[in-house]
Amino acid sequence: MAENNGIPQELINRINELAKKKKSEGLTEDEILEQKKLRETYLAMFRENFRSHVEMLQVFDKNGKEVTPEKVKEIQRKRGLRDD
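Counting with our numbering, you get residues 1 to 84 for the letters of the sequence shown.
Quick caveat, the hints were computed from the structure, so don't treat them as lab data.
Every residue gets a Cβ at the ideal spot worked out from N, C-alpha and C, and that includes glycine.
Be aware that a few hints might be false.
Claimed, not checked - Listed next, the in silico SDA-like pairs over lysine to any residue satisfying Cα-Cα at most 25 Å (straight line):
1) 62 x 47
2) 36 x 5
3) 20 x 4
4) 78 x 68
5) 62 x 76
6) 62 x 43
7) 73 x 59
8) 37 x 73
9) 65 x 76
10) 22 x 36
11) 78 x 56
12) 36 x 4
13) 21 x 43
Said to hold, decoys possible - Pairwise CB distance ranges (calculated):
14) 82 x 29: 47 to 53 Å
15) 24 x 48: 14 to 20 Å
16) 25 x 84: 57 to 63 Å
17) 56 x 31: 36 to 42 Å
18) 75 x 28: 39 to 45 Å
19) 82 x 45: 23 to 29 Å
20) 73 x 16: 34 to 40 Å
21) 84 x 22: 48 to 54 Å
From just these sequences and the hints, can you work out the full model?
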């Protein structure tokens with residue numbers, strides 16, 4: 001199962017199939033519900049993936065000094081990603 005940034009390609013493909021069908025011939029009530037659930041799933045996965053990436057970041061100024069926000073540092077400490 002291929003993934004696109006942590007999101008299964010099959011999920012993206014089905015969302016795209018339904019979007020194309022909606023434009024060309026319309027969707028049944030069941031397909032409308034499926035489309036809504038798939039989009040909700042996609043957004044939840046996207047948000048979790050994005051949050052994970054942000055929480056892994058370290059920010060440095062132009063002089064090489066770390067300026068990662070304290071809130072992010074605290075999350076990293078809780079996850080065992082920092083030891084300072």
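Hint by hint, here is what the structure shows:
1. 62 x 47: violated, 29 Å
2. 36 x 5: Distance of about 21 Å is within 25 Å: holds.
3. 20 x 4: The hint holds at about 20 Å.
4. 78 x 68: holds, 15 Å
5. 62 x 76: Roughly 22 Å between the alpha carbons, so the hint for residue 62 and residue 76 holds.
6. 62 x 43: violated, 34 Å
7. 73 x 59: holds, 10 Å
8. 37 x 73: Status violated; Cα separation ~34 Å.
9. 65 x 76: holds, 18 Å
10. 22 x 36: Answer holds: residue 22 to residue 36 is near 12 Å, not above 25 Å.
11. 78 x 56: holds, 12 Å
12. 36 x 4: Roughly 20 Å separates the two Cα atoms, so the pair holds.
13. 21 x 43: holds, 21 Å
14. 82 x 29: 47 to 53 Å: holds, 50 Å
15. 24 x 48: 14 to 20 Å: With a Cβ separation near 32 Å, residue 24 and residue 48 fall outside 14 to 20 Å, so the hint is violated.
16. 25 x 84: 57 to 63 Å: holds, 58 Å
17. 56 x 31: 36 to 42 Å: holds, 37 Å
18. 75 x 28: 39 to 45 Å: The hinted range 39 to 45 Å holds for residue 75 and residue 28, with Cβ atoms some 43 Å apart.
19. 82 x 45: 23 to 29 Å: Once the Cβ atoms are compared, 26 Å apart, the range 23 to 29 Å for residue 45 and residue 82 holds.
20. 73 x 16: 34 to 40 Å: holds, 39 Å
21. 84 x 22: 48 to 54 Å: Roughly 51 Å apart at Cβ, these two residues keep to the hinted range, so it holds.
When held up to the earlier numbered hints, the structure conflicts with 1, 6, 8, 15 and fits the remainder.
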